[in-house]
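S.K.: The listed protein sequences derive, respectively, from chains A and B.
Letter by letter, the first sequence follows residues 62 to 180 in this note's numbering.
Letter by letter, the second sequence follows residues 35 to 538 in this note's numbering.
No lab work stands behind these hints: they were computed from the structure.
Ideal Cβ placement from N, Cα and C applies to all residues, glycine included.
Just so you know, nobody snuck in bad clues.
Simulated DEER-style distance windows between Cβ atoms:
#1 A/69 x B/74: 55 to 65 angstroms
#2 B/78 x A/114: 51 to 61 angstroms
#3 B/43 x A/111: 23 to 33 angstroms
Not everything, but these chain A residues come out facing chain B in the computed CB check (under 10 angstroms):
#4 75
#5 131
#6 148
#7 149
#8 160
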Amino acid sequence: MRLAFPLAVSALLFSLGVFGVLARRNAVLVLMSVELMLNGVTINLVAFDAWWSDALHGGQVLTLFVITIAAAEVGLGLAIVLLVFRNRATSDLNDLGLLDERAEATEGNGDVTEPGVAR
Amino acid sequence: MTPAVAQGVDWLTVAPPLVLAATALAALLGDLWLPARAGSAVTAVAVAGTLAALGAVGLLWDEARATFCVSTPAGPQSCSYVVDPITLVFQAVVLVGTLVVLLLAQQELAGTGRVLPAGETVFLVLCSATGALVLAAARDLATVVVALEVVSLPAFALVGLRRRDPRGAEAALTFFLVSVVSVAVMLYGVALVYGATGSLHLDRVAAALASGESRTAVATAGVVLTLVGLAFKVGAVPFHFWVPDAYSGGPVVVAAFLSVVSKAAGVVGLVVVVSQGFPAYADVWGPAVAVISVATMTLGNVAALRQRRAVRLLAWSSVAHSGYMLAPLGVASSGVTGEAFGQALSAVVAYVCIYAVVNLAAFGVVAVVTRHRPSGLFDDYRGLAYSEPASAAALGFGLLALAGLPPGVAGLWAKVVVIDSAVAGGAGWIALAVAVNTVIALAYYLRWTALLFASPAEGEAPVSYEVPAASGLAVGVALGAGVVLSVLPQLVVGLADASAVTLG
Numbered sequence: 062m063r064l065a066f067p068l069a070v071s072a073l074l075f076s077l078g079v080f081g082v083l084a085r086r087n088a089v090l091v092l093m094s095v096e097l098m099l100n101g102v103t104i105n106l107v108a109f110d111a112w113w114s115d116a117l118h119g120g121q122v123l124t125l126f127v128i129t130i131a132a133a134e135v136g137l138g139l140a141i142v143l144l145v146f147r148n149r150a151t152s153d154l155n156d157l158g159l160l161d162e163r164a165e166a167t168e169g170n171g172d173v174t175e176p177g178v179a180r
Numbered sequence: 035m036t037p038a039v040a041q042g043v044d045w046l047t048v049a050p051p052l053v054l055a056a057t058a059l060a061a062l063l064g065d066l067w068l069p070a071r072a073g074s075a076v077t078a079v080a081v082a083g084t085l086a087a088l089g090a091v092g093l094l095w096d097e098a099r100a101t102f103c104v105s106t107p108a109g110p111q112s113c114s115y116v117v118d119p120i121t122l123v124f125q126a127v128v129l130v131g132t133l134v135v136l137l138l139a140q141q142e143l144a145g146t147g148r149v150l151p152a153g154e155t156v157f158l159v160l161c162s163a164t165g166a167l168v169l170a171a172a173r174d175l176a177t178v179v180v181a182l183e184v185v186s187l188p189a190f191a192l193v194g195l196r197r198r199d200p201r202g203a204e205a206a207l208t209f210f211l212v213s214v215v216s217v218a219v220m221l222y223g224v225a226l227v228y229g230a231t232g233s234l235h236l237d238r239v240a241a242a243l244a245s246g247e248s249r250t251a252v253a254t255a256g257v258v259l260t261l262v263g264l265a266f267k268v269g270a271v272p273f274h275f276w277v278p279d280a281y282s283g284g285p286v287v288v289a290a291f292l293s294v295v296s297k298a299a300g301v302v303g304l305v306v307v308v309s310q311g312f313p314a315y316a317d318v319w320g321p322a323v324a325v326i327s328v329a330t331m332t333l334g335n336v337a338a339l340r341q342r343r344a345v346r347l348l349a350w351s352s353v354a355h356s357g358y359m360l361a362p363l364g365v366a367s368s369g370v371t372g373e374a375f376g377q378a379l380s381a382v383v384a385y386v387c388i389y390a391v392v393n394l395a396a397f398g399v400v401a402v403v404t405r406h407r408p409s410g411l412f413d414d415y416r417g418l419a420y421s422e423p424a425s426a427a428a429l430g431f432g433l434l435a436l437a438g439l440p441p442g443v444a445g446l447w448a449k450v451v452v453i454d455s456a457v458a459g460g461a462g463w464i465a466l467a468v469a470v471n472t473v474i475a476l477a478y479y480l481r482w483t484a485l486l487f488a489s490p491a492e493g494e495a496p497v498s499y500e501v502p503a504a505s506g507l508a509v510g511v512a513l514g515a516g517v518v519l520s521v522l523p524q525l526v527v528g529l530a531d532a533s534a535v536t537l538g
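With these hints in hand, go ahead and build the complete structure from the sequences.
M.R.: The structure is reproduced here in structure tokens:
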């Protein structure tokens, strides 16, 4: 098979992921878009591994690591999204403003236990 | 048919990360079995483990070793894990930083002000430090990526670890999302580099890139995208947005950890990848790093000028210091001699070492003060020199060293080394930018230092902080290291001069 086909699929997946990261405002959807980007990477790696007939199979080995990393990231990411959701009852990135520098400067009180108010 | 690849593992070479990883597991499991509120025991185990790892680094000193090597019929032996002087210095910095953070966190883990779960915190700190140790020795792209993730993933959890704290959760989410996106971009770059060169080992990548025929748009794109992930880790512009949020949202000790261990890991990753893997593309990444470095230091300093909170100021100042750290690498281009590049690498190493210890001294005192005055405003530090002279001395030393003024001579050495390497590399404009930024930074460091000696506000009784022994020891270690480096800068300056790298 020509190398160009898997590379095109991979680039398409990666671009879709980038678009999702930029366009989506829901943290879970952003996470899913990151997964798409990582899947683009794995397709690339496997295709290059086959193309080079790499004796060490570096591409396949790194693919396994990328899959593991992606799993770890999603596990941790969902835990953090859940944590934010419990505190704020939202997972919309536009509603996050507790750490806004301008808000902090006018508020003048950095009491960390004070529950936040969505803008 | 692929020949079976049998690997002998040199256990002593991998001892520092191995000891730290084992200690992390022991701390996590020990916390389960020990009775509740045994935070001190867990910290003691962690400190012992960190000291043991430091001892292992000492055993490896003055000796170049490598392990996890493969040899194929096609080429010479390539190793995935190499210990050289730069590796050892970075590992020592990471371990000392971890030690100080563990001691500093003692008050948060045990005792009356218990706000963090002991076993989990210690486990995450040690895991992240393990990743940093591996990253310093990594010599293939797979190891670099995995080590970078091992540094990052526990750090997200650390930022969001404080319970019922919406700010921490939000900071963790920002940090996490920016990080995973930049790691994905970096992985795409790694895949392209692999596609262009056919290998993940940095020495083979360097050889393939230097051979000329593979100098393609694919390789160039791969090199640039690979640097994105590392620039994020360092907190360089335009990937710096997470830094102030993560530092001020999480606990102060975690901010100290991020600013030293995590940043040192990012810098060493960048140094390893560009010097071992991409020297042939120095004319691609050299100017890019130069521009990023100058933008980072300028933006960091200008933003720091208008901060009213201690941790946020330290966060922006740490962004600015990332710029200074990257400045020497900016001299790299096709015209630079291997000698000048070696000097640039030495300057990066020296700057990171000195920045780490003086920054820890400043962060240590801020952590102690923040416990008693959670608002974290500058007014909390008014008159600290009269109520807590020792803490004020440590903070003053740290701030002046970050600014590069006596008595913090260590900071001055660091600045001189960076400027010298930029001039030697023929990049006078970078040296000028560093000098101008140092002057801008004086404004906020001196304002804060002067506040330490201002008379206390009317009608406010001076608060005695009763600095706990562990915190005092932590600040003392950082301060002592800072004083030693002020007197004997040759301990960290000029380490990589010998390792000449030929640029294509």
